[in-house]
Amino acid sequence: MDWGLALDLLGTFFFAISGSLLAAKRGFDIVASLLLGSLTGLGGGVVRDLIIGRPPLAFDEPVHFIPPLLAAIVVYFMSSHVQRFWRTILTFDAVGLAVFCTTGAVTALEFAMNPAAALLLGVTTAVGGGLMRDVVANHDPQLFNPRDLYAAPAFLGAGLIVLVWHLGWYNAISLSVITAAVLVFRLLSLKFRWRVPGAHLDRAK
Amino acid sequence: MDWGLALDLLGTFFFAISGSLLAAKRGFDIVASLLLGSLTGLGGGVVRDLIIGRPPLAFDEPVHFIPPLLAAIVVYFMSSHVQRFWRTILTFDAVGLAVFCTTGAVTALEFAMNPAAALLLGVTTAVGGGLMRDVVANHDPQLFNPRDLYAAPAFLGAGLIVLVWHLGWYNAISLSVITAAVLVFRLLSLKFRWRVPGAHLDRAK
Amino acid sequence: MDWGLALDLLGTFFFAISGSLLAAKRGFDIVASLLLGSLTGLGGGVVRDLIIGRPPLAFDEPVHFIPPLLAAIVVYFMSSHVQRFWRTILTFDAVGLAVFCTTGAVTALEFAMNPAAALLLGVTTAVGGGLMRDVVANHDPQLFNPRDLYAAPAFLGAGLIVLVWHLGWYNAISLSVITAAVLVFRLLSLKFRWRVPGAHLDRAK
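Residue numbers (this note's numbering), protein chains in the order written: chain A, 2 to 206; chain B, 2 to 206; chain C, 2 to 206.
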């Protein structure tokens with residue numbers, strides 16, 4: 002069993018759900034739902050693969066198009082508790098974030114990228130799809146929400162992967178543990194409204 | 002005569018017109034008009050080529066820069082019926098959409114992409130430039146307009162190309178017929194306000 | 002001493018400052034400041050490298066990540082004259098613009114791109130990062146500001162580099178002179194509010 006692929010498909014599905022839910026919330030049609038879900042689910046990985054210099058996996062192996070297709074169908078048939086959509090999007094998005102920061106860093110390391118590049122490519126894989134989703138939907142990027150800590154868990158997850166890889170401790174177990182830790186960190190940060198300091202030190206305070 | 006190239010230049014020109022018209026409508030200067038036209042006309046194809054893994058055609062053969070240049074000049078000298086701009090943009094945009102969904106899919110098939118990838122790359126070529134135009138101009142993406150059916154004709158055109166290709170029926174005639182059919186479908190959908198179902202099944206209705 | 006690299010790091014730093022300052026102005030946190038600075042400083046060059054078809058320099062040589070890191074730290078500790086931020090962003094941005102239009106064109110020429118492609122890749126390197134900064138931060142793109150002349154200096158700089166390259170006059174001195182000329186042109190255009198004609202010839206005026 003290829004755990005990397007399984008996790009990748011799972012992350013794609015959850016990110017695609019968040020894209021299709023946003024499409025539903027905004028009243029887009031099913032074709033737009035499929036496109037926005039695909040962009041959210043596959044966009045970060047495509048950018049990662051273009052930077053690594055390999056054919057984007059999503060286009061190389063058609064199996065990667067199945068999760069966005071499923072996500073658009075699932076969202077279409079969900080009962081209409083539209084008012085609870087945003088919280089749901091955030092939770093699904095968190096799973097995608099946790100999965101992609103780790104598998105993105107692993108992919109970069111497998112292609113012999115240096116540690117700094119692997120760290121940033123893990124973060125890019127994790128936040129790229131969601132950023133594209135928000136940008137093309139004219140939604141304020143969750144990534145930059147000052148009342149939310151979004152990229153920090155991705156940096157943590159990608160950083161831990163780079164660390165265990167170079168220590169020789171990388172395997173299915175350490176991958177799963179780190180992914181779960183990032184997910185828990187992200188969900189706790191949502192629940193308790195954790196924040197990191199602002200971009201600017203405000204001495205007047 | 003290379004019909005693919007001829008259609009590609011035509012599609013680039015019409016998409017570039019839509020970009021330069023949007024620049025005119027927003028009061029941008031001629032340099033921004035040229036850039037927005039180029040992005041609209043060439044952006045989808047560049048993304049397609051990056052994903053396929055070949056040098057982007059637009060940068061490989063300078064002839065592709067001529068349509069955006071012509072488009073910026075044409076828009077500059079058009080008489081100023083600004084209030085009719087939006088309808089004109091939509092019509093020009095429809096030609097670009099029809100041309101690029103078919104030639105984009107053909108290009109992907111020529112580079113031995115699988116059918117699913119060729120379908121999505123045809124759609125990407127068709128909607129990518131217009132999406133970038135709307136995103137960078139802070140315009141609500143036409144692609145996601147729930148009262149408009151925009152990506153469906155592109156899916157249809159790219160799908161038919163993949164079909165005739167695998168049936169061995171691909172030639173200049175089938176290419177032209179499919180392109181014309183997509184254009185007619187798109188223009189009729191604009192005229193009669195055809196829609197596809199929403200991203201979400203609203204049971205309350 | 003590799004003048005190209007030195008200028009590139011300088012341009013990255015100044016663009017990254019403009020990205021991190023925008024993050025500070027919008028109240029983003031330090032992680033978002035680092036990401037927005039990195040995108041602004043490295044984004045244009047990454048797009049250029051993807052189009053050229055070489056591994057993006059920023060990910061190949063980790064030294065390129067240092068300027069955005071420094072920029073985020075510098076912005077964090079700057080005293081809080083937030084009201085003067087916009088003017089400062091414009092000045093720092095001008096340095097990045099001047100540096101990247103020339104080094105971007107040089108890189109394209111070194112990789113044997115044709116003159117038209119080298120011109121447009123120089124402009125892409127120069128305006129790409131700032132455009133991405135504005136697009137992802139939901140800020141009106143400076144690139145399209147009709148009361149400002151932004152891309153014209155980049156076209157001038159990239160055009161002059163292509164010219165001296167083909168005349169055989171390219172060296173560290175001509176590179177520095179052209180870069181300085183673009184910077185002066187950009188700063189004067191800001192000071193005296195120079196403009197280029199609109200996208201559309203308004204005969205009614």
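By construction, these hints were calculated from the structure, which means they are not laboratory data. Bear in mind that the values here come from a model prediction, so they are computed numbers and not experimental data. Be careful, since some hints might not be right.
[Unchecked claim] Straight line, CA to CA, 20 Å or less: simulated DMTMM-like cross-link-like pairs of lysine to aspartate or glutamate:
(1) B:K26 <-> C:D203
(2) B:K26 <-> B:D203
(3) B:K26 <-> B:D61
(4) A:K26 <-> B:D141
(5) C:K192 <-> C:D149
(6) C:K26 <-> A:D141
(7) C:K26 <-> C:D141
(8) A:K26 <-> B:D149
(9) A:K26 <-> A:D141
(10) B:K26 <-> C:E62
(11) A:K192 <-> A:D149
(12) A:K26 <-> B:D3
(13) B:K26 <-> C:D141
(14) C:K26 <-> A:D149
Given pair status - E62 of chain C, K26 of chain B, alpha carbons within 20 Å: Not satisfied, since the Cα-Cα distance of roughly 43 Å exceeds 20 Å.
Given pair status - D141 of chain A, K26 of chain A, alpha carbons within 20 Å: 14 Å, holds
Holds or violated: K26 of chain A to D141 of chain B, with C-alpha atoms at most 20 Å apart: Holds: K26 of chain A and D141 of chain B sit about 15 Å apart, inside 20 Å.
Agreement of K26 of chain A and D149 of chain B with the hint, judged by alpha carbon distance not exceeding 20 Å: 17 Å, holds
Satisfaction of hint between D149 of chain A and K192 of chain A, Cα-Cα up to 20 Å: Judged against 20 Å, a Cα distance of about 10 Å means the pair holds.
Given pair status - D149 of chain A, K26 of chain C, alpha carbons within 20 Å: Holds. K26 of chain C to D149 of chain A sits at ~17 Å (cutoff 20 Å).
Distance restraint between K192 of chain C and D149 of chain C, which requires alpha-carbon spacing of 20 Å or less: Given pair K192 of chain C, D149 of chain C holds - Cα atoms ~10 Å apart, limit 20 Å.
Satisfaction of hint between D141 of chain C and K26 of chain C, Cα-Cα up to 20 Å: 14 Å, holds
Restraint check for K26 of chain B with D61 of chain B, where alpha carbons must lie at most 20 Å apart: 31 Å, violated
Holds or violated: K26 of chain B to D141 of chain C, with C-alpha atoms at most 20 Å apart: 15 Å, holds
Straight-line alpha-carbon gap K26 of chain A to D3 of chain B, limit 20 Å: Not satisfied, since the Cα-Cα distance of roughly 45 Å exceeds 20 Å.
Distance restraint between K26 of chain B and D203 of chain B, which requires alpha-carbon spacing of 20 Å or less: 37 Å, violated
Of the hints listed earlier, those the structure fails to meet are numbers 2, 3, 10 and 12, in rising order.
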